[in-house]
Amino acid sequence: MNIREQGSGIRDQKNRFRWSVVSDRVRALGRSVALAAVCGLVLSACAAAQEAKPWEKIPVPPLHAFHPQQPQRIELKNGIVLFLQVDHELPFVSGSVLIPGGSRDEDAAKAGLVDLYGMAWRTSGSTTMSGDKMDDLLAEKAAHIETGGDVDSTAVSWNSLSKDSDQVFNLAMDLLFHPKFDEAKLNLAKQQEATGIVRRNDDEGEIAGREARKLIYGADSPYTRQPELSTIGPITVADLQAWHDRTIGGKLIVSVSGDFDPATMEAKLRSVFEKLPMAKPLPPRHDTFNGPTPGVYFINKDDVNQSNIQIVGLGTDRHNPDVPTLSVMNDVLGGGFASRLFQRIRTQLGLAYAVGGGYGFSWDHPGSFRVVVMTKSASTVDATKQAMDVLNGLTTTPFTETELKRAKDNILNSFLFRYDTKDKVLAERVRLEFYGYPADYLETYKAALEKVTVADLNAAAKKYIHTNKLAVLVVGNGSEIKPGLDALNMGAVHPIDITIPMPKHEEAEK
Amino acid sequence: MGMMRVGSRAVKFALVLAMSVSAMQAASAQKTQPADSSATSAEAMLQKFEKKITTKVLPNGLTLIVCERPEAPVFSYTTFIDAGDVNDPSGESGLAHMFEHLAFKGTKDIGTKDYAAEKVALAKVEAANAAYEAEYLKQVGRDPKKLEELHKAFLAAQAEAQKYVIPNQFTDIAERNGATGLNASTGLDETMYFWSMPENRLQLWAWMESDRLANTVPREFYKERDVVMEERRMRTDSNPIGRLVEQFLATAFVAHNYGRSGVGWPSELSQINATEAMAFHKKYYVGSNIVVAVVGDVDAAKVMPMLERYFSQVPGGPKPEDMTTVEPKQFAEKKVIIREATQPFYIEGYHRPSYHDKDDAVFDAIQDIMSNGRVSRLYRSLVRDQKIAAEAQGFSPFPGDKYPNLFAFYAVPLPGHTPEEMRAAIHKEIDKLKTTDVTDEELAMFKTRARADLLRGLADNEGLSNALAMYQTRYGDWRQLFLQLNRIDAVTKADIRRVANEIFVPSNRTSAEIDFAAPAATAHQAASQKNDGGAE
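Protein chains in written order, with the numbering used here: chain A, 1 to 510; chain B, 511 to 1046.
A couple of the hints might just be wrong.
Footprint (simulated), chain B over chain A, 3 or more residues, beta carbon under 8 Å [unchecked claim]: (1) 283-294; (2) 452-465.
Just a sample of chain B residues kept apart from chain A, beta carbon distances all over 12 Å, derived [claimed, not checked]: (3) 571; (4) 641; (5) 653; (6) 689; (7) 749; (8) 815; (9) 834; (10) 838; (11) 847; (12) 863; (13) 951; (14) 1002.
Here are the simulated lysine-lysine pairs, DSS-like style, with alpha carbons at most 27 Å apart [what the hints assert, rightly or not]: (15) A/385 with B/897; (16) A/141 with B/942; (17) A/405 with B/812; (18) A/275 with A/180; (19) A/408 with B/662; (20) A/180 with B/623.
Calculated from the structure, these hints are not laboratory results. Heads up, the beta-carbon is just placed ideally off N, CA and C, and yes, glycines get one too.
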């Protein structure tokens, strides 16, 4: 319910309580660490016993021929890359300019700078039009221009009806090249950020996710350090401008999609971006990733009746040639309904609604290995042991051909949902360009998935699954967790202090 | 890179699930038609879709909708059941949702090694549970020893039935065949099942979906009940906003089931049995209560006979009778205050009529003008100018739309500001609606944005299948998805003022707030206590 989000969707999306069969939280996690879905352990024993399988008699004809439309890629002499993806289905044009450099590149003493920049850039407006005025103008046209910051990039993006697209594009370019950071809007952004900071310990899931990342990467890592009231307080308009000046000369990636004439659009983009100086790449990063200090960590929250258990370690990045194998392993472990974790902890034992996880891989730095289980306080130890047992099973219970086949079916038969819309194809190409992967990455990745063998899985589990290197984090109600966490027999339980540091009183007043 | 963090870490609440406010609706400016209105008028859009959409009502009453959108070799579907937790019988709150979970457990053909034997074993589970439950519920003379024995017998019966189960086979077949976004949701008003698949699995899907609608088997019910109890703990008990919203609704409604916990009160949810779930299925999962919409790379003329064949096996039967309860007029203002170690929050709601009411679109207009984006009145007033809130919005319908419901407002106070200030500031904005007409620009903006947002949603198989099924159910005609634009066009400034004066009155109001209260010190939390106080 971010107020800055674009309204979209059809009317049915109205406000309702919804209870679903799969936790959105775990689904989201599953997606970020694995590909799609899954495979099962228990099944292998039973499948033979079943006689009739009527579904196998239903014909599956060859899939209709499909050649996803690739966007047109244009590399300018200055290094800037343009992508054009024409799609006339609806009368809209949208676009974005992706700028390398994000919160991992900000000064630790000013953690939160990129967040504030992402918010205040758009709300401040440009030298020719204030943000407020831009709000009015765009709302009247049901159009959007937004800015935002992420861990490794910032961006300006826009969307409008085709008839307004020239005007909206010009406004977006004005914002991109002539921002005018405004003190009042910076303060507004600081208020938003401060609200998030003081509220960050209200929700159990938020605490668990955040503190688990800190265990994996270290509290001071550029990937996890959190904004504090004391780090956002001193940030000035000049800091935002300096950040802008520092990043705007980078290797921009410009992408436009929708209802436009490609020749006209190309000419327009060239006229704007061709005259820019040679793009300067960001200096390479030299981060160190040590992974968590093994052990049991605990955060008490006495207003909950369920524990959020996170078993975490370091993952890998997509340059690793084992990633296709790990992806298949993830499906067996925790992707979907038939995964080992789901089968054991949810279906067989009824210990959790939300359970899942896998070995994560990011694009340009190690992702995280994470297994999440949410269970009632009293079964915390039991559920943790069960999850650890499933993890240990990856190395002690050899993978089977049945599991392999199932996981491959899952991944490969749903593979086309990675490029079933023109926007997804475009987003993938932009992503690959940004992280320096070849344009045919998906195809080679798919080919590699097809070749994964049971031997590969067993070898990967031995190489990557070391439960003695993992940390176990529990956020829950200590007075209800019986037996206590010492019953895990994993050594002393380390409490984590999540106290929110408050600056001196006069500053807090504001 | 990844997901853009627009607005980022600032304020993110788990209450998204309870009240995700999306802008939506549709419109075309009433007097000043934009230049391209010919292409985006309700009639023009409808004309385009008339050519793509085929509907068919089967002899059992089930409605099929097929929408051809051959952009990629995939399809999405939504099965829409016109029943949700509002239909749970008294004492069985959470039943519709429990049944939804059961619908993933397989059928007579899927998920079993020997259905005939399993059926016998499942009957024994029900008998054992009934005996255990009867003893458990005795207020007088409950025998702990007998209870323990009955519980043992119950567990033994479950273990016996479990021998025939192939766990998760239904979802396994779907996922192995490329199902993506496989899930279901139960609202107070309706239950929906959905996924997307490669188009060459359409027949497989039709077989599976019709099979589970017609031949659900109540296997592994009692373990699944434990799973749903965990779902309740996650979303409600262990979530401050979840707790607040449950109390807010329970207070706002005195008679209608909108006031009852959707996932179920713990005492009731924990005693729902499979017999009750199957009775719910028998009553509400009849053809006349079901719409199935398929959108994607499908040729209606080719596939309709196949779909008919499969979905005809869903039992027929009369449309279940509607409920008699109508929420009585509220005549006294009500207020809930939760004092706990959570940062403050404010929400209030006013009873409004259902989606059938002639003023339905007027509420959409009020929502848009009050809440949609940085031009909205609540944002500009509470967030930008007064600088007292991080977020402030009004939204409706809530918690459902089929029956008279609430128009709600909420605000998230900035550090140092109170729910009381949120309340006063929201009331000031409401008063403006009552005493002064909204501007021409605001009204035109609502209509333009509503139409554009409707259009934006049309290029999405999943969203479209969902919307078509819903409009077909709610209005008896999917065309209302587009024709609602005409109702939106008809909203006037006088309508907004009139409705605001009718609805937003103190005696029709229920409010709920969280007031921060430092926790009582215990051994466990000594470390974090300082922090909680400091953040106030």
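Least C-beta distance from residue 847 of chain B to chain A larger than 12 Å: Residue 847 of chain B is indeed farther than 12 Å from all Cβ atoms of chain A, at 16 Å.
Holds or violated: is the Cβ of residue 834 of chain B farther than 12 Å from all Cβ atoms of chain A? At about 22 Å from chain A, residue 834 of chain B clears the 12 Å cut-off, so the statement holds.
Between residue 385 of chain A and residue 897 of chain B, does the CA-CA distance stay at or below 27 Å? Outside the cut-off at roughly 48 Å; violated.
Mind verifying the non-interface call on residue 863 of chain B? Its CB should be farther than 12 Å from each CB in chain A. 15 Å, holds
Chain B covers the region 283-294 of chain A, three or more CB atoms within 8 Å, holds or violated: violated (count 0)
Just double-check residue 951 of chain B for me: nearest Cβ-Cβ distance to chain A has to come out over 12 Å. Contrary to the label, residue 951 of chain B does not stay out of reach of chain A, its closest Cβ about 7 Å off (not over 12 Å).
Does the alpha-carbon distance linking residue 141 of chain A and residue 942 of chain B stay inside the 27 Å limit? OK: residue 141 of chain A and residue 942 of chain B at ~25 Å, within 27 Å.
Find the nearest Cβ of chain A to the Cβ of residue 1002 of chain B and say whether that gap is larger than 12 Å. 19 Å, holds
What's the verdict on residue 405 of chain A and residue 812 of chain B, does the C-alpha distance respect the 27 Å limit or exceed it? Violated: residue 405 of chain A and residue 812 of chain B sit about 32 Å apart, past 27 Å.
Proposed proximity, residue 662 of chain B with residue 408 of chain A (alpha carbon, max 27 Å): 41 Å, violated
Decide, holds or violated, for the assertion that all CB atoms of chain A are farther than 12 Å from the CB of residue 815 of chain B. It holds; residue 815 of chain B is separated from chain A by about 15 Å at its closest Cβ, greater than 12 Å.
Would you assess whether residue 689 of chain B, listed as outside the interface, keeps its beta-carbon beyond 12 Å of every beta-carbon in chain A? 7 Å, violated
Violation of the numbered hints given earlier is confined to hints 1, 2, 6, 7, 13, 15, 17, 19 and 20; the remaining hints are satisfied by the structure.
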